[in-house]
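> Sequence:
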Amino acid sequence: MLIDRSLPMLFIASVLGLIKRLGFLYRIIGVVICFVFFGSNLKDLMFTASSDVQELTMEALSKMSSSEVPRYMRITDASIFDGTYVSTEDEDGNVQYATYPVYAPSQLLGKPDVKPWELAVNVVVKDKKFDLNSMQAVMTIDGFYDGSSFTDTREILEQNGFQVSPDAILVVIDEPPSAGNAALWTGITGLLGGLLAASFIPSSLLGLKEEEEVYEEEYEEEREEIREGGSSPPAPKV
Numbered sequence: 658m659l660i661d662r663s664l665p666m667l668f669i670a671s672v673l674g675l676i677k678r679l680g681f682l683y684r685i686i687g688v689v690i691c692f693v694f695f696g697s698n699l700k701d702l703m704f705t706a707s708s709d710v711q712e713l714t715m716e717a718l719s720k721m722s723s724s725e726v727p728r729y730m731r732i733t734d735a736s737i738f739d740g741t742y743v744s745t746e747d748e749d750g751n752v753q754y755a756t757y758p759v760y761a762p763s764q765l766l767g768k769p770d771v772k773p774w775e776l777a778v779n780v781v782v783k784d785k786k787f788d789l790n791s792m793q794a795v796m797t798i799d800g801f802y803d804g805s806s807f808t809d810t811r812e813i814l815e816q817n818g819f820q821v822s823p824d825a826i827l828v829v830i831d832e833p834p835s836a837g838n839a840a841l842w843t844g845i846t847g848l849l850g851g852l853l854a855a856s857f858i859p860s861s862l863l864g865l866k867e868e869e870e871v872y873e874e875e876y877e878e879e880r881e882e883i884r885e886g887g888s889s890p891p892a893p894k895v
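So in the numbering used here, the last spot in the sequence shown is 895, and the numbers never skip.
Simulated from the structure, these hints should not be mistaken for laboratory data.
Be aware that a few hints might be false.
What the hints assert, rightly or not - Here are the simulated SDA-like cross-link-like pairs (lysine to any residue), alpha carbons at most 25 Å apart as the crow flies:
| hint | residue 1 | residue 2 |
| --- | --- | --- |
| 1 | Lys720 | Ser671 |
| 2 | Lys700 | Asp831 |
| 3 | Lys785 | Asp809 |
| 4 | Lys700 | Ala717 |
| 5 | Lys768 | Gly818 |
| 6 | Lys700 | Ile858 |
| 7 | Lys785 | Gly850 |
| 8 | Lys700 | Ile813 |
| 9 | Lys786 | Leu682 |
| 10 | Lys768 | Asp831 |
| 11 | Lys772 | Asp809 |
| 12 | Lys786 | Asp749 |
| 13 | Lys785 | Lys768 |
| 14 | Lys772 | Gly740 |
| 15 | Lys785 | Val689 |
When you get a sec, could you build the whole thing from the sequences and use the hints?
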């Protein structure tokens, strides 16, 4: 365990000492997870500060790679087939959210009789504000891309005959996070990720001392004090 004389450094050193007890692989995984969530939370924090929403057409969104998709977006021309949605309900039968595929207008152009399962699905919407009465053939959708997988929803859509693209993305319609929550989670994930990353740095480069070094110094100080007092020194701490 790492220890230092000053109280703040003592706390940091103690935490790093605990983290170092984790296996190398676990720490690597932890760093990756923390910084993934840190990046996501940082985007939320930046959004709450600026409320910057990028407007996109379905055509443009469908051509983007996952790394190019903005965190928050407004899809201006999402085409929806009437009644094409999968709802998730709670124990009381209330709809928690609905999931439905949306299409680019160009996919429907000149195809008046086309069926939804005949078209490739590039964008799926998870609507936590679902209102069946507000559904229209062409909608403006304000949502965010969280980069998460949607295996269960994908399977349900595919079981119902929809052709979900392997590169399809999930856009979530929900209340944006509060500035306080975004700041809190940005700080927590950043701190945890930083501590995990710091656990790979040798203690000497961090200006910290190994526990054995501190014990040896304390032992020498005690020996010196006892020698001056004329008593026998205690055994070293183990």
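> Given the hint that Lys785 pairs with Val689, does the C-alpha gap stay at or below 25 Å?
With a Cα-Cα distance of about 29 Å, the restraint between Lys785 and Val689 is violated, given a limit of 25 Å.
> Does the structure keep Lys768 and Gly818 at a Cα separation of 25 Å or less?
holds, 19 Å
> Run the distance test for Lys786 versus Asp749: straight-line Cα separation, threshold 25 Å.
holds, 17 Å
> Hint check: Lys785 vs Gly850, CA-CA at most 25 Å. Holds or violated?
Violated - the C-alpha atoms of Gly850 and Lys785 are around 30 Å apart, more than 25 Å.
> Keeping to a limit of 25 Å between CA atoms, is the pair of Lys785 and Asp809 held or broken?
Judged against 25 Å, a Cα distance of about 16 Å means the pair holds.
> Would you mind confirming whether the straight-line C-alpha gap from Lys786 to Leu682 stays at or under 25 Å?
Violated, at roughly 40 Å.
> Next pair to validate is Lys720 with Ser671; report whether the Cα-Cα distance is within 25 Å.
violated, 49 Å
> Lys772 and Asp809 were given as a pair; does the straight-line alpha-carbon distance stay at or below 25 Å?
holds, 23 Å
> Taken at face value, is the distance from the CA of Ile813 to the CA of Lys700 at most 25 Å?
violated, 30 Å
> Check whether the Cα positions of Lys700 and Ile858 lie no farther apart than 25 Å.
Violated, at about 28 Å.
> Holds or violated: Lys700 and Asp831, Cα atoms, limit 25 Å.
Distance of about 16 Å is within 25 Å: holds.
> Does Lys768 sit within 25 Å of Lys785, going by the straight-line distance between their CA atoms?
This hinted pair is violated, its Cα atoms lying about 31 Å apart.
Hint violations for this structure: numbers 1, 6, 7, 8, 9, 10, 13, 15, all remaining hints satisfied.
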